[in-house]
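K.L.:
If you read the sequences in order, they're chains A and B.
The first sequence: position 7 = 7 (full-length UniProt numbering), numbered continuously.
The second sequence: position 114 = 114 (full-length UniProt numbering), numbered continuously.
Treat the hints loosely; a few may be bogus.
Not everything, but these chain A residues come out facing chain B in the computed CB check (under 10 Å) [stated by the list, open to error]:
{"hint": "1", "residue": "Thr52"}
{"hint": "2", "residue": "Gln74"}
{"hint": "3", "residue": "Ile75"}
{"hint": "4", "residue": "Lys106"}
{"hint": "5", "residue": "Ser176"}
{"hint": "6", "residue": "Asn180"}
{"hint": "7", "residue": "Tyr184"}
{"hint": "8", "residue": "Thr192"}
{"hint": "9", "residue": "Glu198"}
{"hint": "10", "residue": "Phe212"}
{"hint": "11", "residue": "Ser234"}
{"hint": "12", "residue": "Lys272"}
Taking CB as the label site, the calculated pair distances span [stated by the list, open to error]:
{"hint": "13", "chain 1": "A", "residue 1": "Asp113", "chain 2": "B", "residue 2": "Glu223", "range": "51 to 61 Å"}
{"hint": "14", "chain 1": "B", "residue 1": "Arg457", "chain 2": "A", "residue 2": "Thr138", "range": "20 to 30 Å"}
{"hint": "15", "chain 1": "B", "residue 1": "Gly413", "chain 2": "A", "residue 2": "Ser239", "range": "44 to 54 Å"}
{"hint": "16", "chain 1": "A", "residue 1": "Asn148", "chain 2": "B", "residue 2": "Val420", "range": "51 to 61 Å"}
{"hint": "17", "chain 1": "B", "residue 1": "Arg457", "chain 2": "A", "residue 2": "Thr144", "range": "17 to 27 Å"}
{"hint": "18", "chain 1": "A", "residue 1": "Ala304", "chain 2": "B", "residue 2": "Asp3", "range": "52 to 62 Å"}
{"hint": "19", "chain 1": "B", "residue 1": "Val420", "chain 2": "A", "residue 2": "Ser185", "range": "27 to 37 Å"}
{"hint": "20", "chain 1": "B", "residue 1": "Leu479", "chain 2": "A", "residue 2": "Ser185", "range": "19 to 29 Å"}
{"hint": "21", "chain 1": "A", "residue 1": "Ser185", "chain 2": "B", "residue 2": "Val484", "range": "50 to 60 Å"}
{"hint": "22", "chain 1": "A", "residue 1": "Ser185", "chain 2": "B", "residue 2": "Arg457", "range": "14 to 24 Å"}
Source of the hints: derived by calculation from the structure; they are not laboratory data.
Every residue, glycine too, gets a C-beta built ideally from N, C-alpha and C.
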Amino acid sequence: MKFYKKLLATIVYSAALTTPLAMAEGYPDKPVTMIVAYSPGGGNDTVARLMTKYIEPYLGVRMVVENSAGAGGQIGFTRLAKADNDGYTVGLLSSPSIFLIEMLRKNVPFSMDDFQAIANIQSDPILLAVNAHSDYKTFKDFTTKVENDAGAINVSGDGPQSNVNLQAAAMEDALSLDINFISYSGSGPAATALLGNEVEAALLSTSSALPFIESGRIRPLVVFSPKPHAALKSVPTISEAAGKEVATVGTAIRGVAAPAGVPEERVAHLEKAFKKLLENKEFVEAAKKLGIALTYEDSKDFDATLKSSRADTERYIKLMK
Amino acid sequence: MLDALSIGFLTALQPSMLLAACVGVTIGVFIGMLPGLTSTMGVALLIPVTFSFPPAVGLALLGGIYLASTFSGSISAILLNIPGTPSAVATCQDGYPMTRAGKAGRAVGLSVFASCIGGIFSAIVLLFMAPVLSELSLMLGAPEYFLLALFGVTIIASLSEGSMLKSMMGGVLGLIISLIGMHPLTGEMRLTMGLPSLYDGIPLVITLIGLYSIPEVVNILSEKSNSQKRENSQFSGAWSTLKDVLAQRLNVFRSCVIGTVIGIIPGAGQSIASFIAYDAAKRGSRTPEQFGKGSEEGLVAAETANNAVTGGSLVPLLTLGVPGNAVSAVLMGGLIIHGLSPGPILFQNSPDIAYGFIFSLLFSNLLFVPVGLLVAKYCVKVIYLPKEILAASILSLAVMGAYAIRGQVSDVGLMLAIGVLGYLLTFFSVSRAPMVLGLVLGTMAESNLSRALSLVRGDVGELLLQFVTRPFSLALVLLCVASVVMGYRKSRRSSLAAQDTT
Numbered sequence: 001m002k003f004y005k006k007l008l009a010t011i012v013y014s015a016a017l018t019t020p021l022a023m024a025e026g027y028p029d030k031p032v033t034m035i036v037a038y039s040p041g042g043g044n045d046t047v048a049r050l051m052t053k054y055i056e057p058y059l060g061v062r063m064v065v066e067n068s069a070g071a072g073g074q075i076g077f078t079r080l081a082k083a084d085n086d087g088y089t090v091g092l093l094s095s096p097s098i099f100l101i102e103m104l105r106k107n108v109p110f111s112m113d114d115f116q117a118i119a120n121i122q123s124d125p126i127l128l129a130v131n132a133h134s135d136y137k138t139f140k141d142f143t144t145k146v147e148n149d150a151g152a153i154n155v156s157g158d159g160p161q162s163n164v165n166l167q168a169a170a171m172e173d174a175l176s177l178d179i180n181f182i183s184y185s186g187s188g189p190a191a192t193a194l195l196g197n198e199v200e201a202a203l204l205s206t207s208s209a210l211p212f213i214e215s216g217r218i219r220p221l222v223v224f225s226p227k228p229h230a231a232l233k234s235v236p237t238i239s240e241a242a243g244k245e246v247a248t249v250g251t252a253i254r255g256v257a258a259p260a261g262v263p264e265e266r267v268a269h270l271e272k273a274f275k276k277l278l279e280n281k282e283f284v285e286a287a288k289k290l291g292i293a294l295t296y297e298d299s300k301d302f303d304a305t306l307k308s309s310r311a312d313t314e315r316y317i318k319l320m321k
Numbered sequence: 001m002l003d004a005l006s007i008g009f010l011t012a013l014q015p016s017m018l019l020a021a022c023v024g025v026t027i028g029v030f031i032g033m034l035p036g037l038t039s040t041m042g043v044a045l046l047i048p049v050t051f052s053f054p055p056a057v058g059l060a061l062l063g064g065i066y067l068a069s070t071f072s073g074s075i076s077a078i079l080l081n082i083p084g085t086p087s088a089v090a091t092c093q094d095g096y097p098m099t100r101a102g103k104a105g106r107a108v109g110l111s112v113f114a115s116c117i118g119g120i121f122s123a124i125v126l127l128f129m130a131p132v133l134s135e136l137s138l139m140l141g142a143p144e145y146f147l148l149a150l151f152g153v154t155i156i157a158s159l160s161e162g163s164m165l166k167s168m169m170g171g172v173l174g175l176i177i178s179l180i181g182m183h184p185l186t187g188e189m190r191l192t193m194g195l196p197s198l199y200d201g202i203p204l205v206i207t208l209i210g211l212y213s214i215p216e217v218v219n220i221l222s223e224k225s226n227s228q229k230r231e232n233s234q235f236s237g238a239w240s241t242l243k244d245v246l247a248q249r250l251n252v253f254r255s256c257v258i259g260t261v262i263g264i265i266p267g268a269g270q271s272i273a274s275f276i277a278y279d280a281a282k283r284g285s286r287t288p289e290q291f292g293k294g295s296e297e298g299l300v301a302a303e304t305a306n307n308a309v310t311g312g313s314l315v316p317l318l319t320l321g322v323p324g325n326a327v328s329a330v331l332m333g334g335l336i337i338h339g340l341s342p343g344p345i346l347f348q349n350s351p352d353i354a355y356g357f358i359f360s361l362l363f364s365n366l367l368f369v370p371v372g373l374l375v376a377k378y379c380v381k382v383i384y385l386p387k388e389i390l391a392a393s394i395l396s397l398a399v400m401g402a403y404a405i406r407g408q409v410s411d412v413g414l415m416l417a418i419g420v421l422g423y424l425l426t427f428f429s430v431s432r433a434p435m436v437l438g439l440v441l442g443t444m445a446e447s448n449l450s451r452a453l454s455l456v457r458g459d460v461g462e463l464l465l466q467f468v469t470r471p472f473s474l475a476l477v478l479l480c481v482a483s484v485v486m487g488y489r490k491s492r493r494s495s496l497a498a499q500d501t502t
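Working from the sequences, and respecting the hints, build out all of it.
P.N.:
As structure tokens, this is what we get:
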């Protein structure tokens, strides 16, 4: 009996002694959860899962993806905003989708102040593509047709209220075009509609379009980004092709953020881990294979990028309402 | 081609591949049985586990889960009247009445062999005809998807257990529930009461859990003693049902074709396939009056078709890189994470993986027969459990399942509310299957009708013209008309017969 008392006391004392120490020194000492606000298999999920595969040595613990899909991302982003700010929950933000939710909906329970930027990971611009058998060889062919036949040219894209939808609106506004944008439930179905000639063109995220471009089934006409895409160097940018500036507001920017208020040294630890991850050759190689264009930015730059993306979204949001 | 096939065959025969398929099948059987854990979730949950595996081995594991969970949803459907996965709703119709009649073992046996044959048929189609079929599938667009959904609505009558009016009520209720959430084209929020958890509508799985589990809990608890159905249930004669399945040659073949074809069509899904096959079996049967009361033909049709979907849904994924349903979308994520991009390039660059995967699907279809029967043999004991324990277990599984789908506590409340509705429906003997069908078809019909109209810029006349000028549309229009006319004539004949007897 005495022995057990002694043993119990030892356990209690050692627990009391080690716990605060572990709290102070041992971050992280349990897996870090990465909230993905979209369902498994999509662009957000893919990049998140790819990161979990390679980040463990830099983070010191495992990172676990948790899909919290629903309401176009609102549910997952809300969960991230309200999560404990102990550094054990991070999430993947997707701009401009998060701003579209914030601006188009009522009673959205989060704002950008609820997030602490950690690192920008990926940017995925939108491109305009046509079926490989289409008569449109250049972006000019396409715009000429649209000008002659205003409102009658069907263009598929992920929607509604999506970044693709926003890019379509920005393009129509800047180039005074009138296309008939048809919403599909994702870039995959939008590409299928193009393959089956149900529509004349499609606005697709570059990462989802790459396999179809590689297999020669669709032809990209223009990419909505300031610089040519690393995997599609011969495809002109929108300003080259149109001879005019078009805001590349639809580009999906995906980066890691935590709930606001995470202790500074923990933010620094996370930031360093993601920085090292993006220097890992195997990770970079795997991302390249998947058509994921990596654009690393540290927490400060990512924060600035988010702010400017928000301002751009605000400028074009009225076109979507 | 022959070279690639033999490489694939040998890849699939490697011990690591066979082991992965075995493990996948075993996990899949359990995932499918539990309401709330669907094939989609099972595959998604296991993807991270496959990170460290060679790609082909990882795919074999995921494929095993997909096939086995599609089948095993029927175990809980047959034993407890609770579909373990959405694809098993049509199975409840005749599987559960068989259990009540003391033929649980036979029902599970029929289900396992029917599923196996459906799965093998579709895997063979995937192996040899995938490129041709995927090109054909590209000829289908919004008008065809809409018409297919419409055809689905016409078979609601066929699901009626008794009153046609009540079955229509169920169908309409399902259609109304499908309207909740964001409009698929305009983004307008409807009937959401400002709750973000309703923005995407009520998830099908949560509806199923509420609709089937909760009334069952109430029923079990309100029974006076452990009723007759449980004393009678024996698990025997499962293995001998293989020849009975094979004897229904026409029914099995028809259901295989229906399942595979529906599987190829993106977004249609397993529950629609099994309902359509069930309806076709009923129309072709010599004893249609047995359907809904324990008809073996109905059970075999539904089970064959839902597993025939598995191969079909992989056709567009592997040949075009476009997933055919939710599970194959997750599988696509699994392929991508291993650095493989699905589509025609996959077969050129890594034939060992592509064909190895298809062959391992063939093996998995065979593997779930013994695993499924073994598991079912022990599961059948649940119906001997004291009613308090059984009811409590079902209730806790229902709550966990509803929470697990999206990780939201509010979904549990949603599930319970639907459960109350489900109990009221059973109380007034309104059959629930038409409601599920209405729910599934409503979303499909609405989004594709709006899309089809939007493609012709709102010109209704032009859309109607498309219905009769596009070849597949015309075929579907004729099917819809035939279905309605046949139903009408049948109901007139039976009312005439009723008059004669009086």
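K.L.:
All the hints need checking, so say for each whether the structure fits it.
P.N.:
For each hint, the structure was consulted:
1. Thr52: Constraint on Thr52(A) satisfied, holds at 7 Å.
2. Gln74: holds, 5 Å
3. Ile75: holds, 6 Å
4. Lys106: holds, 7 Å
5. Ser176: violated, 19 Å
6. Asn180: holds, 6 Å
7. Tyr184: Holds, because the Cβ-Cβ distance from Tyr184(A) to chain B comes to roughly 7 Å (cut-off 10 Å).
8. Thr192: With a minimum Cβ separation of about 5 Å from chain B (threshold 10 Å), the hint on Thr192(A) holds.
9. Glu198: Holds, because the Cβ-Cβ distance from Glu198(A) to chain B comes to roughly 4 Å (cut-off 10 Å).
10. Phe212: holds, 7 Å
11. Ser234: violated, 19 Å
12. Lys272: violated, 23 Å
13. Asp113(A) to Glu223(B): 51 to 61 Å: About 56 Å separates the Cβ atoms of Asp113(A) and Glu223(B), which means 51 to 61 Å holds.
14. Arg457(B) to Thr138(A): 20 to 30 Å: holds, 26 Å
15. Gly413(B) to Ser239(A): 44 to 54 Å: holds, 51 Å
16. Asn148(A) to Val420(B): 51 to 61 Å: Holds, at about 58 Å.
17. Arg457(B) to Thr144(A): 17 to 27 Å: Given range 17 to 27 Å: holds, Cβ gap about 20 Å.
18. Ala304(A) to Asp3(B): 52 to 62 Å: Given a distance of about 55 Å, which is inside 52 to 62 Å, the answer is holds.
19. Val420(B) to Ser185(A): 27 to 37 Å: Since the Cβ atoms of Val420(B) and Ser185(A) sit about 31 Å apart, the hinted range of 27 to 37 Å holds.
20. Leu479(B) to Ser185(A): 19 to 29 Å: Taking Cβ atoms as reference, Leu479(B) and Ser185(A) lie about 25 Å apart, which means the hint holds.
21. Ser185(A) to Val484(B): 50 to 60 Å: At 29 Å between Cβs, range violated.
22. Ser185(A) to Arg457(B): 14 to 24 Å: With a Cβ separation near 21 Å, Ser185(A) and Arg457(B) satisfy 14 to 24 Å, so the hint holds.
Violated hints, listed in ascending order, are 5, 11, 12, 21; each of the other numbered hints is respected by the structure.
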